[in-house]
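For chain A, the structure is supplied; the task is to place chains B, C and D on it using the hints.
Chains as they are written, first to last, in my numbering: chain A, 1 to 230; chain B, 1 to 230; chain C, 1 to 230; chain D, 1 to 230.
To be clear, the hints were calculated from the coordinates, so they are not data collected in a lab. Just so we're clear, the structure is a prediction, and the values are computed from it rather than from any experiment. Among these hints, one or two may not hold up.
[Stated by the list, open to error] Pulled from the structure, derived: some chain C residues nowhere near chain D, Cβ distances all over 10 Å: (1) HIS66; (2) VAL70; (3) HIS96; (4) ALA212; (5) LYS217.
[Said to hold, decoys possible] Derived coverage of chain B by chain A (criterion: at least 3 residues anywhere in the stretch with Cβ under 8 Å from a Cβ of chain A; other residues may be distant): (6) 136-145; (7) 166-180.
Glycine residues also receive a C-beta, built at the ideal position from the N, C-alpha and C atoms.
Number of protein chains: 4
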Amino acid sequence: MEMMNERIFVINYKSYSTSYGEKGIEIAKIAEKVSKDTGVRIILAVPFTEIRAIASSVEIEVIAQHIDPVAEGAATGHVTAEMVKAAGGKGSLINHSEKRMLLSDIEEAISKLRNVSLYSIACASTPRTAAAVSLLLPDMVAVEPPELIGTGISVSRAKPEVITASLELIEKVGGKGIPVLVGAGVSNKEDSMRSVELGASGILVASAIMNAHDPEKKIAELSYGLLKKT
Amino acid sequence: MEMMNERIFVINYKSYSTSYGEKGIEIAKIAEKVSKDTGVRIILAVPFTEIRAIASSVEIEVIAQHIDPVAEGAATGHVTAEMVKAAGGKGSLINHSEKRMLLSDIEEAISKLRNVSLYSIACASTPRTAAAVSLLLPDMVAVEPPELIGTGISVSRAKPEVITASLELIEKVGGKGIPVLVGAGVSNKEDSMRSVELGASGILVASAIMNAHDPEKKIAELSYGLLKKT
Amino acid sequence: MEMMNERIFVINYKSYSTSYGEKGIEIAKIAEKVSKDTGVRIILAVPFTEIRAIASSVEIEVIAQHIDPVAEGAATGHVTAEMVKAAGGKGSLINHSEKRMLLSDIEEAISKLRNVSLYSIACASTPRTAAAVSLLLPDMVAVEPPELIGTGISVSRAKPEVITASLELIEKVGGKGIPVLVGAGVSNKEDSMRSVELGASGILVASAIMNAHDPEKKIAELSYGLLKKT
Amino acid sequence: MEMMNERIFVINYKSYSTSYGEKGIEIAKIAEKVSKDTGVRIILAVPFTEIRAIASSVEIEVIAQHIDPVAEGAATGHVTAEMVKAAGGKGSLINHSEKRMLLSDIEEAISKLRNVSLYSIACASTPRTAAAVSLLLPDMVAVEPPELIGTGISVSRAKPEVITASLELIEKVGGKGIPVLVGAGVSNKEDSMRSVELGASGILVASAIMNAHDPEKKIAELSYGLLKKT
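So that you can see chain A by itself, here it is in the shape it has in the complex:
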């Protein structure tokens, strides 16, 4: 699914007021432009209600922020992998710290996504839980210490050892090659550059973009950080 040394940049729209409607599409188009300009693989994790509209507006990948590991049928208010796919989504975040999941449901959700050829980005907040989710066969792992989310204090600055320990432990348990993303507090070029230096494949960013006065400038800045020769 990804090329060697590919740089990955997931924009988590969360449920900011900029995450839906025209603003959501506007950010998507900006991200698409930056992705084309830089070659960075930008993935948009958007609200369920916006998957189809955004996926049909841009060529870069759109994914869900969560799926419920339920079978199709009598599941009112749930989001299935099949629905995400039908709407044009390519995958989903799983177990984000704002939507934590039961261990057994994480495995089931990853499996249900794979069954319909969608990919999963499993989130975790510590090195050991990151390694644990890597065993459940997600396509990528994102590491986000929840105490830094939304702070503007990057994990790559404040707790680089969380990233390096996660990478080491994931590799040790057989996850060599699985792309690892750095989340929580990533807000400037230095942060994204440092993430790659520490060995990550990319970043997972929300507030720095969704609340930005100039989202294009911010997306470009973070993208160029990912590409900086180290």
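Frame of chain A, contents of chains B, C and D only:
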């Protein structure tokens, strides 16, 4: 929002394989046609991912099957009232038995919907919980004994006393005038007719339509049941 | 179960370090002494692990802080009404804001307690949810705005209208006579006196006692507040 | 904590009517006798309300069936590691399939138990989730395919590959030496014998004992199965 003696027919798409994509729109158009033919107010409770597509395809009301009572912002994987509204939804089911909610969250969700001028249909499974949710100021109440959901055995046949007791108790606690819908097992004209006879304003139906060989025939049948002079 | 004009004082042990072992029994004996001295009905809501030890150490009532509305059998890690009773408990708190429950589970838990002749004190945080739980036939209702819990700022001072509105609404929906307790921030004599003046039957207190340097003095103070002629 | 080749037999009392009061102590004493007779390490996972009474009645280990990963203090209705320890418990089951936990809470619960020198037995239902929990540093891992729980059809007969795959994967990710228990449907000597043959250190059993007409005979039978030379 509703007229006196208006008949209401909520089609809960749940997450059936017919709930999304072209099939979901097809059922919506059929429902729209039957609604125009019969004057029954048909409301479509559709998957989050389909709200915008279906709402822009038909003139009848489209609602969500659930919302999370969270504020906009850092709420990954959640569905806010604002998102539903932006996608063209007019309201939401709340506390469906397949997506039960904390008591405090029910009040908060109804309030969040109202704040953005969306309506709520609060579900309950017993007379006392139906009366309890009616105190939280929803726009309608739906009563569904969960043991009958999906069985094809209508509550109006098997447990009519659940409906009458719900209506009495809701009225007793000050909810006179709030439309009450009958759910669980509603599957034929007799069922919808009986629901109105018992004093309900309408029905909440899922499997009988979503799994129907001929959805138009089934939607029409249930609609005519609602209109039958008693 | 309670006499007219009886004053009720529930001490919620929560899970403070003083809630278990010798300290937990010590506070229970102090409460028993104050109860005998003052005639106030003091009820101890203690950790599951302490119900039997405390219930066998004092003559005043001991209750659980929660029960799970499950049937006996294959329910690992759950607490049934039967277990609470077997340990000597007389009832349970239900739906405390630190252990919120699904609406349907609140009704079921109250029913399961009653089935084994235990009583329930259903908690709520707003007037409307308080009235809603009163319809589910609990033996008492406790009103606690969660934002004041543990603050030392009493609801009877900061938000007396929450208490009066709760009492009015509960009475309006048919709950006249059900004892209503005031919780959240109750910390001195003035607070407990005010609670009774507002029409409540008593108080639900945690931190003011569990963290007190002199629990006896504090329990006595709050008890005398409940008895003060107004 | 355990010796080489030690055989471990966890009796999960669940919430059967035999799990509390005199019957619970009776089963504990029987288990203690069998443990002394056979040398099998029998551990009793009992209801919260019974930990102290049973732990003070027998010399074999008593553990909780669950703990909540919360700090002491304002946590009504929760069970802390400290409470379990104060009541005489030596550890706890974690993430039983009837009390599933969020991934992040599993790590936190194991950590909280260890902080007060209690041990943890983390449950999982598949080889990959078993390996995942083994990374969170529990003291033992129990593997129980939930579809077999309570059936009397042992996993060691029906799905031996679940056990062998779990053992292999746990070892592969660095968990060599961690005792693995086999659960779900273990009901006779053949089952416990097979569990050891497959490489497990012991068994986790509930209904076969809690519902037995002659618990002593059943506990002895399963214990001797664990000891059988293979």
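Provide an ascending list of the numbers of those earlier hints which the structure does not satisfy. Violated hints: 1, 2, 3, 6 and 7; rest satisfied.
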